[in-house]
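Colleague: So you can see what is in the structure, the chains are spelled out below.
Protein chains: 2
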Amino acid sequence: MKRTSLNDSICPVARTLDLIGDWWTLLIVRDALGGIKRFSEFQRSLGVAKNILSSRLKTLVAEGVLDIRPASDGSAYQEYVLTPKGKDLYPILIALGQWGHQYMFNENETCSYAVDRLTRQPLAAMKLRAQDGRELAADDIQVIPGHLAKDELKIN
Amino acid sequence: MKRTSLNDSICPVARTLDLIGDWWTLLIVRDALGGIKRFSEFQRSLGVAKNILSSRLKTLVAEGVLDIRPASDGSAYQEYVLTPKGKDLYPILIALGQWGHQYMFNENETCSYAVDRLTRQPLAAMKLRAQDGRELAADDIQVIPGHLAKDELKIN
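Just so you know, the sequences run in chain order A and B.
Taking this note's numbering, I'd label the letters of the first sequence as residues 3 to 158.
Taking this note's numbering, I'd label the letters of the second sequence as residues 3 to 158.
Calculated directly from the structure, the hints in this document are not laboratory data.
Hints may be right or wrong, so weigh each one.
Which copy is meant is left open, because identical chains are indistinguishable; a pair holds if it fits in one copy or across any two.
Below 30 Å or equal to it, Euclidean Cα-Cα: the simulated DSSO-like pairs (lysine-lysine) are [stated by the list, open to error]:
| hint | residue 1 | residue 2 |
| --- | --- | --- |
| 1 | LYS129 | LYS52 |
| 2 | LYS39 | LYS60 |
| 3 | LYS52 | LYS89 |
| 4 | LYS89 | LYS129 |
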């Protein structure tokens, strides 16, 4: 099935999902953030078919989320490493993980955690905040279409 | 193609993606957060095939992300409204939108914005933070597998 492309949407959520909305893509980024670098390691971690993994890695490299570099141990393997653009996907993954921990796990289930290396404690909950630091609820937020935002916010 | 299910993964990111990792699902939630309630409105907004929309809405209701209720205007239509679990997906959407705004738009392109209703200004950037409020970079974070987390963090 051909997907509708949302790459020209004025909504930044839609445009991001057009790139990373694939089920495997964010799991590849998750694994890369966890230190996985090689094709065979991604494949073992994800249990995904080689052709799918290959195509997703290619897209992520083309989009500047991953870089390819020679293996750090001098072997013939290639390594995939996150660019700054790729590392900036971390808040999305943490938000997904925190929601999942709250709603998709029972109390007694084993759940992996993202922790601060320094204190070994789970990260703070990702909160919606105004510029002045006030915490916002869903009902405090409004989405302004792009052409109106341009006028109202004096930004593009 | 049958998807591998990650519903029993110990990773809360994977388990969340198993539910909402579909391309359309988060856009339905986005529209619901924006006030869209009816099938025909979702369809118009998303331009998605009726059978796909119908199946995604059904899943979201079954998973407790959306509730069905009679139309508020007394007509025969049903309305889909977000549950608290559904509204709690907002941080994920804002994180996706902020990343998209930064990396998927050129300077002069029109981009929609989520604003604080009170000040009419865009939300603060979603930051990764430790419990004590320190801002964390990707390299400051480590993911601990569930069985180790149980011992180290004294939590499940």
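Colleague: Now tell me, hint by hint, if it's right for this structure.
Modeller: Evaluated hints:
no.: 1; hint: LYS129 with LYS52; result: neither (37 Å within a copy, 34 Å between copies)
no.: 2; hint: LYS39 with LYS60; result: within (14 Å within a copy, 38 Å between copies)
no.: 3; hint: LYS52 with LYS89; result: within (24 Å within a copy, 36 Å between copies)
no.: 4; hint: LYS89 with LYS129; result: both (19 Å within a copy, 12 Å between copies)
Hint 1 alone, counting from the list given before, is not met by this structure.
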